[in-house]
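Participant: So you can see what is in the structure, the chains are spelled out below.
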Amino acid sequence: MMVIEHTDVYALAPHHRFQWEDAQNSYVILFPEGMVKLHGGAGEVIKRLDGKVTVGDVIADLKATFPDAEDIESDIIGMFELALSKAWLHKV
Amino acid sequence: MTQTSGVQVNNGVASSITQSQPLWLLAEVTYRCPLHCAFCYNPTDYDKHTQNELTTEQWIQTLRDARKLGAIQLGISGGEPLLRDDIEDIVVEAKKLGYYSNLITSGVGLTEKRIQAFKDGGLDHIQLSMHDITEEINNFITNTKTFQLKQKVAAMIKGHGYPMVLNVVIHRYNIDHMKEILEMAEALGADYIELANNQYYGWSLVNRSQLMPTREQLERAEAVTNEFRATGTKMKIFYVVPDYFNDRPKKCMNGWGEVFMIVTANGDVLPCHSARSLPNMQFPNVKDSDLGWSWKESPAFNKYRGDSWMKEPCRSCEEKEKDLGGCRCQSFLLTGDAEAADPVCSKSPHHHLIEKAIEDAKNPVIASQPILFRNDKNSKRIISGELKELTDKFHALP
Ligand code: SF4
Ligand code: SF4
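If you read the protein sequences in the order shown, they are chains E and Y. Letter by letter, the first sequence follows residues 19 to 110 of the numbering used here. Letter by letter, the second sequence follows residues 451 to 848 of the numbering used here.
So that you can see chain E by itself, here it is in the shape it has in the complex (with noise of 0.2 Å):
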């Protein structure tokens, strides 16, 4: 598994779309003839993903939005490895 580091930058790979469904109530990552449904934290990680921003700068605007969610980091770090290993995001 790919070790995910502070510094990184990731994108949503080419061809996905990220957005957010009524009919869901989530936000969805879209792609040839597949939809991923993403639960609560999942959508946030991808919401901040523009591009530019690093895990770190990720990590610490959920924090500071989130500030009771307890171990929030190991999330975070997962959701990226889950979203890398799935390939709906590539690194910049």
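What the hints contain is simulated information worked out from the structure, not anything from laboratory work. All values reported here derive from a predicted model rather than from experimental measurement. Beta carbons: idealized from backbone N, C-alpha and C, even for Gly. Worth double-checking, as some hints may not be accurate.
[What the hints assert, rightly or not] Residues of chain Y placed beyond 10 Å of chain E at every Cβ, according to the derived structure: (1) D515; (2) K563; (3) E836.
[What the hints assert, rightly or not] Restraint-style ranges between C-beta atoms, simulated for each label pair: (4) Y:T561 / E:A105: 30 to 40 Å; (5) E:G69 / Y:A567: 26 to 36 Å; (6) E:R66 / Y:K806: 55 to 65 Å; (7) E:R66 / Y:H610: 27 to 37 Å; (8) E:T83 / Y:S758: 45 to 55 Å; (9) E:T72 / Y:R679: 29 to 39 Å; (10) E:R35 / Y:G639: 17 to 27 Å; (11) Y:K806 / E:D68: 56 to 66 Å; (12) E:D68 / Y:K684: 24 to 34 Å; (13) Y:G609 / E:A29: 18 to 28 Å; (14) Y:E762 / E:G96: 37 to 47 Å; (15) E:D68 / Y:K686: 22 to 32 Å; (16) Y:E809 / E:R66: 52 to 62 Å; (17) Y:Q508 / E:A105: 36 to 46 Å.
Since the structure of chain E is provided, determine the placement of chain Y with the ligands on it from the hints.
Facilitator: What follows is chain Y with the ligands alone, placed relative to chain E:
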């Protein structure tokens, strides 16, 4: 609502009915097609529906209504969708509505001008059907000279920055070329390749004995595919299993009326492509029925939702949630009873029909009968009853 929709409810069914939303709108915008594939799953009586296609406005309204119900993936298919000149308008509307749009094409009719318009309009992806590495098999199985054209179209798709998604229907004539097909796809720069083992509906059911590979061929093909995967290729390979050779059926369409909504060229709203082959069913049509009603309330969509319609052996089967008894159309086409277990299942009392089909395909006399290619003339012959002897072998053709 489950009571008023006339469905018997038990807990499982009630929840699946109230929760289900279409994720996919499959728009079979026309049944006209310049190709004549022997394995086409279009209805054999498609010729009835080539003169009464929905208008552009009707398609646009359908897109809007389906989106409101929750549909997010749009498949534009046919026939050959590019035979309509309003696909550009449909694409623009799809983009506006937030669909992820997929054009499913043979490539015939795709020009630089059109692909540019699709790109500008926001079409997300193009799936191109390929048939073989050899010109000979391509031209034979499609009954057209389209080999060169497909290579050109593949390059065009890539050139416009689209992901390249190839779909190859696998049958007796190309299955021994699996390795070469995968290599060709890789050389063309394919991002995804779908190896779709032939399923037997519509024209491919009529031609079943001529198309079905042997178990040995399938095993070799699967081994080749796995070897290819192990080379570390970046291409994503989807292998659609050949259900006749399994002992459990597929969960057809991921459940009747669960995920897929198909709207046909003439506006019929169906839970699966071949649902019109079922007896005593009346499917709603977008010209006179509200799409939300069609999906949620229409008797046709509720008929096989969940599992309360099941008979034995499915009713008391422990595995019933896994496959929901398989495919209603396949059950009816082969056994004459839409509520029977899919005969692919080894627990089905009709399983011998599948074994016989596999045997028939090995019988050189049966297998060498001429293929009935999918074309307007043959469709008219089937509609008129001229080919009754051939189609009566199955219960429900057209
Ligand atoms: S399978 Fe072949 S004949 Fe049938 S619609 Fe597709 S391209 Fe046309
Ligand atoms: S008996 Fe019916 S429900 Fe059970 S596995 Fe076979 S088809 Fe599926």
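Participant: Tell me if the beta carbons of E:G69 and Y:A567 are separated by a distance inside 26 to 36 Å.
Facilitator: holds, 28 Å
Participant: Evaluate the given range 18 to 28 Å for the C-beta pair formed by Y:G609 and E:A29.
Facilitator: holds, 23 Å
Participant: For the hint 37 to 47 Å, verify it against the beta carbon of Y:E762 and that of E:G96.
Facilitator: holds, 46 Å
Participant: Confirm or reject the statement that Y:E836 sits farther than 10 Å, beta carbon to beta carbon, from all of chain E.
Facilitator: Given that every Cβ of chain E is farther than 10 Å from that of Y:E836, nearest at about 38 Å, it holds.
Participant: Go ahead and decide if the range 22 to 32 Å is satisfied by the Cβ distance of E:D68 to Y:K686.
Facilitator: This hint holds: roughly 26 Å between Cβ atoms.
Participant: E:D68 and Y:K684, beta-carbon distance inside 24 to 34 Å?
Facilitator: holds, 25 Å
Participant: Does the hinted range 45 to 55 Å hold for E:T83 and Y:S758 at CB?
Facilitator: holds, 46 Å
Participant: Test the statement that Y:K563 is away from the interface with chain E: the closest C-beta pair must be farther apart than 10 Å.
Facilitator: Given a closest Cβ separation of 23 Å, the condition holds.
Participant: Determine whether the non-interface label on Y:D515 survives the test: each CB of chain E must be over 10 Å from its CB.
Facilitator: holds, 13 Å
Participant: Within 52 to 62 Å or not, the Cβ separation of Y:E809 and E:R66?
Facilitator: holds, 59 Å
Participant: Starting from the range 30 to 40 Å, see whether the pair Y:T561 and E:A105 falls in it by beta-carbon distance.
Facilitator: holds, 32 Å
Participant: Go ahead and decide if the range 36 to 46 Å is satisfied by the Cβ distance of Y:Q508 to E:A105.
Facilitator: holds, 38 Å
Hint compliance for this structure: no hint is broken.
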